[in-house]
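Protein sequences appear in the order of chains R and G. Per my numbering, the very first residue in the first sequence carries number 1; after that it's consecutive. Per my numbering, the very first residue in the second sequence carries number 1; after that it's consecutive.
Bear in mind the hints are in silico, worked out from the structure with no lab data behind them. There may be inaccurate statements among the hints.
[Said to hold, decoys possible] Cut-off 30 Å, straight-line C-alpha distance, at most; resulting in silico cross-link-like pairs (DSSO-like, lysine-lysine):
| # | chain 1 | residue 1 | chain 2 | residue 2 |
| --- | --- | --- | --- | --- |
| 1 | R | Lys164 | R | Lys108 |
| 2 | R | Lys398 | G | Lys140 |
| 3 | R | Lys431 | G | Lys112 |
| 4 | G | Lys140 | G | Lys112 |
| 5 | R | Lys431 | G | Lys140 |
| 6 | R | Lys398 | R | Lys431 |
| 7 | R | Lys361 | R | Lys44 |
| 8 | G | Lys249 | G | Lys9 |
| 9 | G | Lys112 | R | Lys398 |
| 10 | G | Lys69 | G | Lys225 |
| 11 | G | Lys126 | R | Lys431 |
| 12 | G | Lys18 | G | Lys196 |
| 13 | G | Lys225 | R | Lys398 |
| 14 | G | Lys22 | G | Lys9 |
| 15 | G | Lys22 | G | Lys243 |
| 16 | G | Lys126 | G | Lys225 |
| 17 | R | Lys398 | G | Lys69 |
| 18 | R | Lys357 | R | Lys44 |
| 19 | G | Lys18 | G | Lys225 |
| 20 | G | Lys69 | G | Lys196 |
| 21 | G | Lys196 | G | Lys9 |
[What the hints assert, rightly or not] Just some of the chain R residues that point at chain G, by a computed CB distance under 8 Å:
| # | residue |
| --- | --- |
| 22 | Ala20 |
| 23 | Ala385 |
| 24 | Arg391 |
Every residue gets a Cβ at the ideal spot worked out from N, C-alpha and C, and that includes glycine.
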Amino acid sequence: MGSIDQYLDLYKENRDAINAHSADVLNSFREVAFNAIGDNQLPKRGAESYEKTSIDEMFAHDYGVNINRMDIPVNVAASFKCDVPNMSTWMSFIVNDMFHASPTSRHKMPEGVIVDSLARVASVSPDLVAKYYGTVAPLEDTGVALNTLLAQDGVMIYIPRGIKLEKPLQLVNIFSSPIDLMAVRRLLIVLEDDAEAQLLVCDHTQDNEHKYLSSQVVEIIMGERSRFDIYDMEESSASTSRYSRLFARQSAGSNLLINGTTLMCGTTRNGYDIDIVGDGCETLLAGMAIGTDRQHVDNCSNINHRASHCHSSQLFKYVLDDESTGAFEGSILVAPNATYTEAYQSNRNLLASTSAKMHTKPQLVIYNDEVKCSHGATTGQLDTAALFYMRSRGISEKEARLMMMQAFMVDVIDTVRMEGLRDRLRHLVEKRFYGQQMLCGECSVSCHEQKS
Amino acid sequence: MDNILLEVKNLHAGIEGKEILKGINLIIRPGEVHAIMGPNGSGKSTLSSVLAGHPSFTVTEGEVDFHGKNLLELSPEDRSHEGLFLSFQYPVEIPGVSMVNFMRAAINEKRKYFNEPALSASDFLKLMRQKRAIVELDNKLASRSVNEGFSGGEKKRNEIFQMAVLEPRLSILDETDSGLDIDALRIVAGGVNKLKTEDNATIVITHYQRLLDYIKPDFVHVLYKGRIVRTGGPELALELEEKGYDWIKQEIDN
Numbered sequence: 001m002g003s004i005d006q007y008l009d010l011y012k013e014n015r016d017a018i019n020a021h022s023a024d025v026l027n028s029f030r031e032v033a034f035n036a037i038g039d040n041q042l043p044k045r046g047a048e049s050y051e052k053t054s055i056d057e058m059f060a061h062d063y064g065v066n067i068n069r070m071d072i073p074v075n076v077a078a079s080f081k082c083d084v085p086n087m088s089t090w091m092s093f094i095v096n097d098m099f100h101a102s103p104t105s106r107h108k109m110p111e112g113v114i115v116d117s118l119a120r121v122a123s124v125s126p127d128l129v130a131k132y133y134g135t136v137a138p139l140e141d142t143g144v145a146l147n148t149l150l151a152q153d154g155v156m157i158y159i160p161r162g163i164k165l166e167k168p169l170q171l172v173n174i175f176s177s178p179i180d181l182m183a184v185r186r187l188l189i190v191l192e193d194d195a196e197a198q199l200l201v202c203d204h205t206q207d208n209e210h211k212y213l214s215s216q217v218v219e220i221i222m223g224e225r226s227r228f229d230i231y232d233m234e235e236s237s238a239s240t241s242r243y244s245r246l247f248a249r250q251s252a253g254s255n256l257l258i259n260g261t262t263l264m265c266g267t268t269r270n271g272y273d274i275d276i277v278g279d280g281c282e283t284l285l286a287g288m289a290i291g292t293d294r295q296h297v298d299n300c301s302n303i304n305h306r307a308s309h310c311h312s313s314q315l316f317k318y319v320l321d322d323e324s325t326g327a328f329e330g331s332i333l334v335a336p337n338a339t340y341t342e343a344y345q346s347n348r349n350l351l352a353s354t355s356a357k358m359h360t361k362p363q364l365v366i367y368n369d370e371v372k373c374s375h376g377a378t379t380g381q382l383d384t385a386a387l388f389y390m391r392s393r394g395i396s397e398k399e400a401r402l403m404m405m406q407a408f409m410v411d412v413i414d415t416v417r418m419e420g421l422r423d424r425l426r427h428l429v430e431k432r433f434y435g436q437q438m439l440c441g442e443c444s445v446s447c448h449e450q451k452s
Numbered sequence: 001m002d003n004i005l006l007e008v009k010n011l012h013a014g015i016e017g018k019e020i021l022k023g024i025n026l027i028i029r030p031g032e033v034h035a036i037m038g039p040n041g042s043g044k045s046t047l048s049s050v051l052a053g054h055p056s057f058t059v060t061e062g063e064v065d066f067h068g069k070n071l072l073e074l075s076p077e078d079r080s081h082e083g084l085f086l087s088f089q090y091p092v093e094i095p096g097v098s099m100v101n102f103m104r105a106a107i108n109e110k111r112k113y114f115n116e117p118a119l120s121a122s123d124f125l126k127l128m129r130q131k132r133a134i135v136e137l138d139n140k141l142a143s144r145s146v147n148e149g150f151s152g153g154e155k156k157r158n159e160i161f162q163m164a165v166l167e168p169r170l171s172i173l174d175e176t177d178s179g180l181d182i183d184a185l186r187i188v189a190g191g192v193n194k195l196k197t198e199d200n201a202t203i204v205i206t207h208y209q210r211l212l213d214y215i216k217p218d219f220v221h222v223l224y225k226g227r228i229v230r231t232g233g234p235e236l237a238l239e240l241e242e243k244g245y246d247w248i249k250q251e252i253d254n
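The whole structure should be built from the sequences, with the hints applied where relevant.
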């Protein structure tokens, strides 16, 4: 018995309703996913690469699932607060698990670019979705299979060959519901050869009364020489759990940047699986987490080098205070044919209290000699010499600690390639450390001029 | 009563249970420059750390009065607000904290302490410009992280720059001459001299007479085994330069 059973029962009882409110391409995967799950359970704490986070527990609560796609009323006005004149992203919303295109979002987008509800695209252009859906997220993974079993909609982003988006795309995920709710979110992102785009994803929870769980699977398929940035920022609530799986496949010469920020959460597990299949790719995977109270943040990465002359770099940093816990498990695999690989991984953590805990497990598996690889992990406390130096200049201990914690995150923020976002992120990190409660739905990121 | 800025009475202090200062007595009046010299391990740097409030050191006995305040009861930050400044022998690098933010925080916390409003951005920049000139500190360094990648000379100049900004009543220069070439030494000492007024005082901790050619002391104290064993005028420093510390050690140890 495990927590997955209630979802399997839900599926069995509501199969028709689930299919009726989705699209054929998505529906065609459900039975396969159901069979793939079989007797498998969601990973429990201590399982391989889930040493500190139990997905089984995360899914155990009796969450509602909006199978019949009822429109849950939300304060759209509050959500749209960020729609200020200065805004220069193409923004869409996902309220719980329903896609809402912003009225402005389709303006002036280049011909052929698709940013729309996945189910809608699957109905209109089933061949396009069928060509990519489920191609990089493996159903053998029980978490992915469960998402595939229940996902009725999501977002499709398609950038045709050679198109370079001049403005970033933005996706605002909002939790807001009169009952405890699970959202099954699915992103399918395709960049054809020589396409370029940037995507900012913000996770917000609009109230603190209900428990929420997001099950998210992101598939990124990158054509040759394409370039894609995804900035994923979680600013949810203590009663929000997040199980996110991101899978990317990079063709030759492509350049992928992933920057994941956990500013505020309950329990979060982010998995990143990057499959580098073409020569000459660049991959930068960066993440930061700020934990307070009893928050838990777990990031797990698998970088799979299967082609030569590729370069990957990972940087994850955590600042954990109070009783918060963090985990990082990162592995780099270099296949026998992946010669001239350069792969680096760094995980650095700061424990700001005596009861915060960090678990880190870096791994390197290398099958050829023509590589340059390194990994490093450190966990420590604030530098007491620096602390005293600052205090001797009149800076209070509290202020000095905050300044140093913020400073610790600077190099992760510096990986951001959107200048406006970099400043904004710096500001948000500052606000987070200074304990100002952030209003969800305000979507702080886009309320700022961003250079496109 | 005459005007006393700092009075140290029978100060005993140590670290991890080991007593290093064994009864220091010292009186400093406004306008004075005191040099504290002494062989390695005599407690010079401990004295400066204890006065600045370094949490690793424990005071076991004695009193320190700083213009009417019980110094030992104050936090390091409040000692700074009250006008104590320590120029570190080894200024600390703080990656990611820019000089600008660091100085702004220092100034505004002091202003808050005295119930003054925070400095405006333009006043702050003006102040920085003015004070930088005193030690010929490059503007480039202002945008960098505190002391990160600074040369030895730049670090010490940065200390005096901070001193200029904070305008302390008592500055303790802990081996400010170490690691400086002659040109840097001249600039640093010149900065200290420019900041000297009738109302503030300086304690210069040094091994060498050299620095005292530039910063002229009114008093020279010799610290040995945690006590001030001899006090004299500037000529004492010259005598030490010539004869070393052995003759004093012998006098005390016998």
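Given pair status - R/Lys431, G/Lys126, alpha carbons within 30 Å: holds (28 Å)
30 Å limit on alpha-carbon distance, applied to hinted pair R/Lys398 and G/Lys69: holds (23 Å)
30 Å Cα cutoff - pair G/Lys249, G/Lys9: Holds - the C-alpha atoms of G/Lys9 and G/Lys249 are around 23 Å apart, at most 30 Å.
30 Å limit on alpha-carbon distance, applied to hinted pair R/Lys357 and R/Lys44: holds (19 Å)
Hint consistency between R/Lys398 and R/Lys431 [alpha-carbon to alpha-carbon, up to 30 Å]: Given that 30 Å is the threshold and the Cα spacing comes to 14 Å, the pair holds.
Hint consistency between G/Lys225 and R/Lys398 [alpha-carbon to alpha-carbon, up to 30 Å]: Roughly 36 Å between the alpha carbons, so the hint for G/Lys225 and R/Lys398 is violated.
Distance restraint between G/Lys18 and G/Lys225, which requires alpha-carbon spacing of 30 Å or less: At roughly 12 Å apart (the allowed maximum being 30 Å), G/Lys225 and G/Lys18 satisfy the hint.
Agreement of G/Lys69 and G/Lys196 with the hint, judged by alpha carbon distance not exceeding 30 Å: holds (22 Å)
Restraint satisfaction for R/Ala385 [CB to CB of chain G, less than 8 Å]: With a closest approach of 5 Å, the R/Ala385 hint holds.
Pair hint G/Lys69 and G/Lys225, alpha-carbon separation not exceeding 30 Å: holds (28 Å)
Pair hint outcome, G/Lys18 versus G/Lys196 [Cα-Cα no greater than 30 Å]: Outside the cut-off at roughly 36 Å; violated.
Given hint R/Lys398 paired with G/Lys112 - CA-CA distance at most 30 Å: holds (15 Å)
Checked against the numbered hints above, the structure violates hints 12, 13, 16, 22; every other hint is satisfied.
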